[in-house]
Each structure stands twice: as C-alpha cells, then as structure tokens.
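Using the working numbering, you'd call the opening residue of the sequence shown number 1 and step up by one each time.
Keep in mind that the hints were calculated from the coordinates and are not lab data.
Built from N, CA and C at the ideal position, the CB exists for glycine as well.
Take the hints with a grain of salt, since some may be wrong.
Just the calculated beta-carbon pair ranges, DEER-fashion [to be verified]:
(1) LYS270 x LEU309: 50 to 56 Å
(2) SER194 x PHE407: 40 to 46 Å
(3) LYS77 x ASP371: 49 to 55 Å
(4) THR109 x GLY37: 27 to 33 Å
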Amino acid sequence: MLRSKFAKLARQSAIQTLGLRAGVVGINFAVMLGLAGLLGFEVFGRLAALWGAALVAGTVLSLGGPVILLRLLTDGKGMRARDICTITLVYPAILALLIYACAINLAPTWSWGAILGAGFAANVLACLASVMRALGSVQASMALRDAGPQVALGLAGVLGPHAAADTIVASAALTMSALALCGLIWVCRHKDMSGVLSTIWRPYWSASLWASSVLGMVVAQVDLIIGGAVISAEQLGVYAVLRRVANLVALPVTVATWVSAPVISAAHGKGDARSLASASAQGSQIAMWPGLVLFAIAMLAMPLLPLLLPEYADDGLTLIFAILLLGALGQVVFASSFGVATLCNVPRYAMMARLGMVVLYLLWFAFWGADLTATTNAVGYVGALSLGCVALWWAVWRHLGVDTSAFVLLNMRRWAWKTS
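Produce the entire structure from the sequences given, and follow the hints as far as they go.
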C-alpha cells in the first residue's frame, strides 16, 4: 500500500517539483551572479563567507527543529501547536541571545548581530517549510525554504550596493522576517492544519538530529569559511561562483529527498521494510537520470569557462570546475542516504558521516596551511564529501538492509521510471 502511495505521489509531484526546483536554483543562481557583478568578486567573496556563517548559525540555533517537525508531523501522530511554536521561535531565540552575549566578548570584531539575526530568520523559514510539507505542499515549502533566504539576500544587495557585507546580511534578515510572517499566515489558514495537530505532548528533542543538521550546514559552507581564511577574497568569489554552478548537477537530489521524505518516514513508522527500500530506490531514480544529464551538459560547457572569465583563465578554472562537478555527481549517486538515515532513527550515522567530512577537510586544510589554493581547496572538499557519503551508505545498508545508492537501480527490472 505504501509503495503504491509513493508511486502515485512520485508521478504527481516529481516532474512538477523538479521544474520548481530548477526555477528556484535558477533564481538563486541569478541572484548570486547578480551580486557578484554588482558588488565585484572581492566584496562578494566577503559576503559569501559572512552569509555562510549566518547559515551555519541558523542551523545551530535550530536545535534540529526543521527535521524534528518534518518527522513528527508526518508520522500520523501530530504535535501540539505550542510545541511547534517552541521549536520554531522560543528555543532558537533564547539560544541566539546566549550566543550573542558570549560571542560579543570573545570576538567583538565579528558581525554577530547580522550573523545571528539572519540565521534565526532563515531557521524560521525552514521550520515553516517543514510544516508546509506536512500539510502536503511540496512546491510552496520548497520555494519558501530554498528561495526565500537567497532572494532576501539579493534584494538587500540591490537596495544597498555600496553597503558593507554585514549591513547587507542584516537587511536580508529583515526581509526573511517578512517572508516568515506571510508563511505563518498561510499555515494558520490552511484547511488541513488541524489534521497535523495533537493535544498530547510528544518527546521531540534529538541531539543526533541537531548535530547532524549543524554538521550538514557546516559541510555545505566549510570550504568557503575555512578556505576563505587563506584564499584571497577575489579568488574565493570566483571559487564560490564555480561551486554554485557545479552544484546544479546535484539539483535533483533535493527533489528526490523532498518527494520521498514523507513516505520514507511513514514506511519506517509502520515497520514496512519493503516499502522503505522501494521509496529509497525511487528517490535514487528520481535523482539519477536528471543528474547525469546535467553532468554531461556541464562537461560539454567546460571549455567555455576561459572565455567567460578570461582574467582568471590561468588560475586553473577548468580543473577546479571538473573537480567540483565530480563531487556533485557523487551526491547524486548517494541521493537517498541522508534522508533514510535521518528519518529512520539512525541520524547518528548521518551525524558521524558529516563529522567525518568536516574532520577530513580540516586535516587537509591543516596540511596545506597558507599554501592552500582554490584547486587544492576543491580537492580536499570533494574528497571529504565523497568519503563521507560512501561511509554513510555502508552504515545504512548494514544497519537497515537498504541500499541507498544509485547502484540499486541496476538490480531493478525496469531502469526507466515512467512518470505517467
């Protein structure tokens, strides 16, 4: 039953969601290129590092809230409204104040107000997106969580092109707060909201979920934040642009996770191992074909890089881009791993995999030190991610008996998945 439900959900949602995801990535990509062109690579490099710190701070403040809400609101038991508000607003606000009080004394030169403010607002958007997903809105939730912060940053940059990076980030926090208010109104007025609410308190704290979320965001930004300490701001700006372009290959991974997450959670909640394996395999299938197509397109377009950025042609643009593309393809191959681990009561494996990624990258950074270049930064980052993905795949397969890699598709009777 669950397998047929997933198939129906996939047929109805995957193509639409992939189209929306492409639009969201296109918007974010346009915002990034627009900011790079408007501010210049040097200022954009500083902004990228500061924005990365804000996103990491938001995940720290979340206490794992977005994933907790998604898991508890989609398993059929629901949550109390007060607990949703506590997870979304109260705990993150208290933690933000505590961190600010300590950090402002330890590192007074850092823009902690802008970093924590933007992080808090981004977390609220992510929590609201989880509630929307529980209400069945795949598209609106994705737009709010993934496009909202970047659009807010772009708007702040356009309105203040000569402002400092911390001012732009602070302005983005205000815009995200306005978006959060709109999202809150949407959620409260939804006709199915009562269906995900409960009158019974449920334990929701999970240290491993929180740690996994924090480490996931650290992994996503560590090469910009740590590498930016050695690489010049201008080189970091170019590197950030190349990495964003390469990440387009991993675009279908988010779609696969977004579509399959509720069914994976439900299958695990009912102890249906067969449906869990099917949902994981279908998630890999959703990600694999579009990912391969995007990878091929990117490889064919690679010779154009020296023509588009001639002033940086001697900095190894093509090699850096190729390395980052291989890293994105690796994410596609293991598209279902983190979703299955997080939603099936083994988030500790996801946490350990991400911790391993961070440690491996830091060891690589320590080895190169001041000699680190954009190319060696890419090698260390992609290598750490790839090894962590393989380790998580092995751990999940051994513990749950589910192959979360795209290689499982080789054993399926039908490689091609029909959406209609």
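Q: Evaluate the given range 50 to 56 Å for the C-beta pair formed by LYS270 and LEU309.
A: Check passed, 52 Å falls within 50 to 56 Å.
**Q.** Distance restraint hint 40 to 46 Å, applied to the beta-carbon atoms of SER194 and PHE407
**A.** holds, 43 Å
Q. Measuring from beta carbon to beta carbon, are THR109 and GLY37 in 27 to 33 Å?
A. holds, 29 Å
**Q.** Cβ separation of LYS77 and ASP371, checked against the hinted range 49 to 55 Å
**A.** Given a distance of about 54 Å, which is inside 49 to 55 Å, the answer is holds.
When each numbered hint is compared with the structure, no violation occurs for any of them.
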